[in-house]
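S.K.: Respectively, the protein sequence lines represent chains A and B. First residue of the first sequence? That's 1 in my numbering, and the numbers climb one at a time after it. First residue of the second sequence? That's 1 in my numbering, and the numbers climb one at a time after it.
No lab work stands behind these hints: they were computed from the structure. C-beta atoms are modelled at their ideal positions from N, C-alpha and C, and glycine is treated no differently. Among these hints, one or two may not hold up.
[Unchecked claim] Coverage of chain B stretches by chain A, computed from C-beta distances (three or more under 8 Å per stretch; other residues unrestricted):
1) 25-36
2) 154-162
3) 167-181
4) 267-276
5) 280-292
6) 315-326
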Amino acid sequence: MHVDLWREMRSSPAGIFGMAIVAIIAGLAVSAPLIAPSYREIGPVFSPPSGEHLLGTDDLGQDIAAKLIHGARTSLMIAVGVALLSALISVVVGGSAAMLGGTYDRVCMRAVDAVISLPSVVVMILVAAYLRPSLGLLIILISLFSWPGGARIVRSQTLSLRERLHVVAARAFGASRRYILLRHIVPDLGPILVAIMIQDARRAVLMEAGLAFLGVSDPMMVSWGRMMKQAMSFTYLDVWKWWLIPAGVLLSLTLVGLSLIAASLERAMDPRLQEDA
Amino acid sequence: MAIHMPILIRRCDAVIKMDLIWLSNYAISFLLILILNFVLPRMMPGDPLHAIYGEEALISMTPEMEAEIIKRFALDQPWHAQLITYITALLSGDLGYSYYYRTGVTDVILGFLPWTLLLTGLAFVISSSAGVILGIESGYRRGSKLDGCMLSGMMFLGGMPDFFIGIVLLLLFGVTLGWAPLGGAVSPYAGHEGIDLVLDIAHHLVLPLISLVLVQIAPTYLLTRNAMLNTLRARFIMTAKATGLGEGAIRYRHAGRNSLLPVVTAMGMRVPNMITGTLFLEIVFSYPGVGTLLNTALSARDYPLIQGVLLIVTVTVLTTNFLVDMTYVRLDPRVRYAR
Numbered sequence: 001m002h003v004d005l006w007r008e009m010r011s012s013p014a015g016i017f018g019m020a021i022v023a024i025i026a027g028l029a030v031s032a033p034l035i036a037p038s039y040r041e042i043g044p045v046f047s048p049p050s051g052e053h054l055l056g057t058d059d060l061g062q063d064i065a066a067k068l069i070h071g072a073r074t075s076l077m078i079a080v081g082v083a084l085l086s087a088l089i090s091v092v093v094g095g096s097a098a099m100l101g102g103t104y105d106r107v108c109m110r111a112v113d114a115v116i117s118l119p120s121v122v123v124m125i126l127v128a129a130y131l132r133p134s135l136g137l138l139i140i141l142i143s144l145f146s147w148p149g150g151a152r153i154v155r156s157q158t159l160s161l162r163e164r165l166h167v168v169a170a171r172a173f174g175a176s177r178r179y180i181l182l183r184h185i186v187p188d189l190g191p192i193l194v195a196i197m198i199q200d201a202r203r204a205v206l207m208e209a210g211l212a213f214l215g216v217s218d219p220m221m222v223s224w225g226r227m228m229k230q231a232m233s234f235t236y237l238d239v240w241k242w243w244l245i246p247a248g249v250l251l252s253l254t255l256v257g258l259s260l261i262a263a264s265l266e267r268a269m270d271p272r273l274q275e276d277a
Numbered sequence: 001m002a003i004h005m006p007i008l009i010r011r012c013d014a015v016i017k018m019d020l021i022w023l024s025n026y027a028i029s030f031l032l033i034l035i036l037n038f039v040l041p042r043m044m045p046g047d048p049l050h051a052i053y054g055e056e057a058l059i060s061m062t063p064e065m066e067a068e069i070i071k072r073f074a075l076d077q078p079w080h081a082q083l084i085t086y087i088t089a090l091l092s093g094d095l096g097y098s099y100y101y102r103t104g105v106t107d108v109i110l111g112f113l114p115w116t117l118l119l120t121g122l123a124f125v126i127s128s129s130a131g132v133i134l135g136i137e138s139g140y141r142r143g144s145k146l147d148g149c150m151l152s153g154m155m156f157l158g159g160m161p162d163f164f165i166g167i168v169l170l171l172l173f174g175v176t177l178g179w180a181p182l183g184g185a186v187s188p189y190a191g192h193e194g195i196d197l198v199l200d201i202a203h204h205l206v207l208p209l210i211s212l213v214l215v216q217i218a219p220t221y222l223l224t225r226n227a228m229l230n231t232l233r234a235r236f237i238m239t240a241k242a243t244g245l246g247e248g249a250i251r252y253r254h255a256g257r258n259s260l261l262p263v264v265t266a267m268g269m270r271v272p273n274m275i276t277g278t279l280f281l282e283i284v285f286s287y288p289g290v291g292t293l294l295n296t297a298l299s300a301r302d303y304p305l306i307q308g309v310l311l312i313v314t315v316t317v318l319t320t321n322f323l324v325d326m327t328y329v330r331l332d333p334r335v336r337y338a339r
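Based on the sequences and whatever the hints tell you, model everything.
M.R.: See below:
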């Protein structure tokens with residue numbers, strides 16, 4: 001599949017809008033230590049928005065705006081971490097299953113089916129309730145539940161790619177399976193891998209926020225979901241206006257941005273959807 | 001007729017074989033859950049008694065209670081004896097003892113389950129039918145202003161996290177305008193009866209239900225619209241138009257009905273999503289269903305209760321998915337061979 005993703009993305013309004021949102025959030029996340037260095041400092045609690053505290057302070061007296069900016073960091077690290085790790089597992093399992101075939105292929109696909117039929121959110125809650133995962137562990141756990149969908153797609157793509165003429169030619173010249181996989185198949189998987197990674201990233205951001213909202217992730221991690229959980233217990237005060245709503249809006253924006261990118265990628269790859277303006 | 005019999009029998013065999021393979025998929029997932037439930041607490045540092053019940057529970061426990069629990073879970077025995085005890089207890093419907101509610105986990109869950117079933121069931125019916133109708137109308141008017149607005153609106157709605165939609169509705173209609181109650185499923189101590197009770201329940205149900213429908217409508221809508229676009233391109237639609245059929249007949253009887261199959265197929269896949277969405281929204285609205293129970297169990301660290309709730313939810317999801325799988329294989333013979 002030879003699709004110029006970059007060009008397709010720039011030509012669709014949804015893609016541009018989505019990329020703009022994600023770029024702004026990423027900008028916030030990267031510059032967090034510069035623009036909000038003192039987010040753990042404690043001051044007077046529940047102060048309303050002012051020049052000093054742009055969005056006031058929370059129940060601990062910490063600056064809400066600064067915490068929001070650091071929350072972007074957590075969300076994006078989860079997104080990038082899961083996208084990379086989960087795509088890696090997908091390629092290794094899906095690619096090797098397609099190349100080797102036989103019993104190994106059947107075992108792999110059976111594992112894919114079993115993990116896909118599990119309600120991943122529910123199992124994640126169970127595991128997280130015991131382990132209280134930190135950032136790194138959370139990335140690993142979410143990836144363990146999000147690779148199968150990608151693996152199935154990679155496998156079917158690889159099966160069709162390996163019948164292409166240039167791959168057959170390479171095999172005729174005596175290329176090994178590993179060489180064919182890395183040199184000819186993985187590069188051609190590129191566009192579809194990007195789409196899988198965006199989907200995984202979106203799910204990971206939502207999953208992290210959900211787990212934090214339930215209070216089952218590491219309490220030391222600054223997270224939009226956890227901020228929303230804390231703010232939910234103070235809805236009788238006015239603080240929700242500058243505490244709960246901004247956290248929810250930032251989370252929603254990130255998710256909508258990623259969905260828009262995913263939708264425009266899907267359109268770029270499925271010609272049947274393209275005539276649809 | 002007689003000539004076709006062997007073929008027919010062979011086809012039946014194939015169906016049964018496929019069903020068995022699918023059944024084994026679900027059996028494997030179910031086993032995975034059981035293993036997680038069994039292994040996780042025993043993997044934690046410290047002795048299993050602490051891990052299964054948590055520090056908080058043990059402080060309030062007498063030595064007699066501890067001895068009773070050790071005996072009940074066979075915790076002083078090797079692990080295979082523990083596994084057998086665990087499985088036999090599960091088979092007899094015993095999910096353990098909730099120290100927070102001071103009664104059996106099964107009883108606690110059964111008390112909360114009806115509200116969740118009410119909420120999920122209604123939301124499923126409403127979001128599916130509304131999604132299908134909007135999808136058909138939008139797809140039929142493809143490229144029009146209405147279609148464009150609906151499409152972008154749904155894409156935006158579908159991208160939002162479910163619990164935030166609930167929070168926004170709660171803050172707007174509950175906190176600011178005061179039109180809806182802030183939580184619960186009935187007014188406490190109001191002593192409503194008959195029609196008053198039904199109205200009271202509806203009043204409490206409306207916000208969580210709307211949030212859940214708003215979250216769930218987007219995927220059905222998008223899928224129906226896509227299917228509509230494909231069906232409308234088919235030749236028989238042109239034939240129907242040429243015979244001078246009315247717009248409504250073409251839209252619903254011809255195009256709509258033939259676009260339903262992928263939508264029905266996807267409904268089964270939406271069930272897990274739907275149930276987890278319900279869990280989160282119940283927590284937002286403090287609606288007394290299984291989600292709120294899970295939240296209570298999580299904050300009290302009542303591990304047997306957490307495990308019980310999650311096990312029930314998983315079994316529900318796996319069973320529904322299996323039933324849907326079985327149904328649509330019979331609805332569309334093509335699916336059988338595609339697998």
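S.K.: Each of the hints needs a verdict: does it hold here or not?
M.R.: Each hint tested on the structure:
Look at the region 25-36 of chain B against chain A: 7 of its residues bring a Cβ nearer than 8 Å to a Cβ of that chain, three or more, so the hint holds. Check result for the region 154-162 of chain B against chain A: holds, 6 residues qualifying (beta carbon to beta carbon below 8 Å, three or more required). A stretch counts as covered by a chain when three or more of its residues have a beta carbon under 8 Å from one of that chain; for the region 167-181 of chain B and chain A the count is 5, and the coverage holds. Given as covered by chain A, the region 267-276 of chain B passes the check, having 3 residues with a CB less than 8 Å from a CB of that chain where 3 are the minimum.
Evaluation of the coverage hint for the region 280-292 of chain B: fulfilled, as 3 residues show C-beta separations to chain A shorter than 8 Å, against a requirement of three. Coverage of the region 315-326 of chain B by chain A holds. Counting CB-CB distances below 8 Å, 3 residues qualify, and the rule asks for three or more.
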